[in-house]
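A.B. asks: Each chain is listed here by its residues.
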Amino acid sequence: MELLKIDNLRKTFKKHRVRAVDDVSFSVFKGEVLGLVGESGCGKSTLAKLALRLLGADKGSIFYKGKDLLNISHNDMRKARKGLQIIFQDPYASSDPRMKIGKVIEEVYDIHKNVPENNRKSKAIELLETVGLGETYLNRLPSELSGGERQRVGIARALATDPEFIICDEPVSSLDISVQAQILNLLIELQKRKNLTYLFISHDLGVIGSICDRVMVMQSGKLIESGSCENVFKNPQHQYTKTLLESALLP
Amino acid sequence: MLLQIKNLKINYKSDNRLVEVVRGIDLDIDKGECVGLIGESGCGKTTVGLSITKLIPERKGNISAGEILFAGKDILKLNSEELRNIRGKKISYVFQEPFSSLNPVFTIYEQIREVLEEKDNPDSRIAEILKSVGLEKIIGRKNMYPHELSGGMQQRAMIGVAITSRPDLLVLDEPTTALDVTVQRQILGLIMELKNKMNLAILFISHDLRIVFNIADKIAIMYAGKIIECGPKGKIVSSPAHPYTIGLIGSIPSLEHRKKVFNAIGGRAPLFSELPCGCKFYPRCKFRINKCLEREPDLDEVNQGHFSRCINFHLVGGV
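The listed protein sequences derive, respectively, from chains A and B.
In case it helps, the working numbering puts the first sequence at residues 1 to 251.
In case it helps, the working numbering puts the second sequence at residues 1 to 319.
It is worth saying that the hints were derived from the structure and are not from the lab.
Remember, it's a predicted structure, so these values are computed and weren't measured experimentally.
It cannot be assumed that every hint is accurate.
[Stated by the list, open to error] Only some residues are given here: those of chain A computed to face chain B with a beta carbon under 7 Å:
1. E39
2. T136
3. S174
4. I177
5. Q182
6. I188
7. G209
8. S210
9. F233
10. T243
11. S247
12. L249
Glycine included, every Cβ here is placed at the ideal spot set by N, Cα and C.
Produce the complete structure using the sequences and hints provided.
C.D. replies: In structure tokens, the structure reads:
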């Protein structure tokens, strides 16, 4: 089933005269992990923000479960966001430094009102346990956590609305390789258990190969190659994909 | 031996207490050799790199024991003038963020000239340096500032500044971590080329085993302020002899991985103020036995030139 369908999406940053996303079309199917790989500045994070309407697109359409996200009211969009979540690269930058972890998660319930008030704390604890933390983290501040723990909080926060689709925007790039493996394990396990759908953005082909079913390669705002990981890695067609594969540090 | 670190111990000040963050390290680097120093953030690897030229500020910490012999002389016993002749000259550094290492208000040209010994007619030498780090494009462009270069070019410029004094030892602390993969590959190639051409000794500090597998001759793995395994690269790759190393190798993502669960290391590295007794890796170890709690294991030779700080190494690895 097609969960998200993007057609001819375009975004130009006028001040810099950059076409960050240039006529991009693709679909994400229910239950799959779709990778998006490319180097910094190629437009992959812009694409992620456009897909959630965190940035306005210039042209094109985004259908989520048949609903046209670019032509619905803000109110309807907020409702749709329950199903569409995002995990950012830098969990420290994406959390309020003065907000305790428990509150970080409960805040989601305050916004979406999807859990009754007297239940919110226990739901937060449950979520923290899901991501391998626990009740002891409720009263801690982001600064007291390690990078890996903060990213777990980021994941818990994304899960709080019980989404179907999560955009993971470089979720492991700022982590040590040992912690990166732990977080990838968690994301793989959650995806299988909850039948989640991910759009997984990374610049690291090894990471893409570890978690994705399909992969799209992006360069200068355009999708230049896509296919199953196996096909793209074994038989790359585009010269840029070949360069990326040659540059990847493999064991 | 160009550099010999012997039983180095370093304390950091933390809330009016001293915490030992480097707890006795031995490390040798030969001329023309690249040694990879691996560990998770906070294990003390950067501190070791900085201590080689006494770059740890006194208000932050001090070196409490050990020797750092560079070309036979103990760096820790040098006065500040003698140190100045080594720091940035015989031993240079390249750090992770090139932009924060380069001075934003001076041109690349001026920053290389500053290090040059031959002050008159520096242009030909500067052109030679720029060429050797692959910055032919900016030769003759004396008004280029760091912000006008891309991240990769900035790192090339930083390497240029570092090799200007024709150092014997280059300390590279995560020099490619902030760069894109294709650029990372180019910079690693450049480092290898310079190493061979200049017979440079390199201490390559990184958290990523993949990089070190590509570049180092010898590898030392640090955990909680001590080296827990070291040896020639081939031995570490083919027969790792410490559970921590095995976990690090198991954490490497690959193209063929396909949603299999990583054989990762659980938990997190201990705080230096709360180190467990016995083996420091015990709480996270899959091979642990009660005997591990008795005392911290020594770094024993498990095979020629290959050392491991694990009493169980014969069960653990392919040794």
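A.B. asks: If a hint holds in the structure, say so; if it does not, say that too.
C.D. replies: A quick look at each hint next to the structure:
1. Given hint, A:E39 at the interface with chain B, holds; its Cβ is 4 Å from that chain's nearest Cβ, closer than 7 Å.
2. For A:T136, the interface hint is violated, since its Cβ never comes within 7 Å of a Cβ in chain B; the closest pair sits about 14 Å apart.
3. Restraint check, A:S174 versus chain B: the minimum CB separation of about 10 Å is more than 7 Å; hint violated.
4. Against a cut-off of 7 Å between C-beta atoms, the interface hint on A:I177 holds, since the closest Cβ of chain B lies about 5 Å away.
5. The interface hint given for A:Q182 is met, as the beta carbon of that residue sits about 5 Å from the closest beta carbon of chain B, less than 7 Å.
6. Interface hint status for A:I188: upheld, as the beta-carbon distance to the closest one in chain B is roughly 5 Å, under 7 Å.
7. About 4 Å separates the beta-carbon of A:G209 from the nearest beta-carbon of chain B, less than 7 Å, and the hint is met.
8. The criterion of a C-beta within 7 Å of any C-beta in chain B is met by A:S210, whose closest approach is roughly 4 Å, and the hint holds.
9. Satisfaction of the interface hint for A:F233 is found here, the shortest Cβ-Cβ separation to chain B being roughly 5 Å, below the 7 Å cut-off.
10. For A:T243, the shortest C-beta to C-beta distance to chain B is roughly 6 Å, which falls under 7 Å, so the interface hint holds.
11. Hint status for A:S247 relative to chain B: holds, with the closest Cβ pair at about 4 Å, below 7 Å.
12. Against a cut-off of 7 Å between C-beta atoms, the interface hint on A:L249 holds, since the closest Cβ of chain B lies about 4 Å away.
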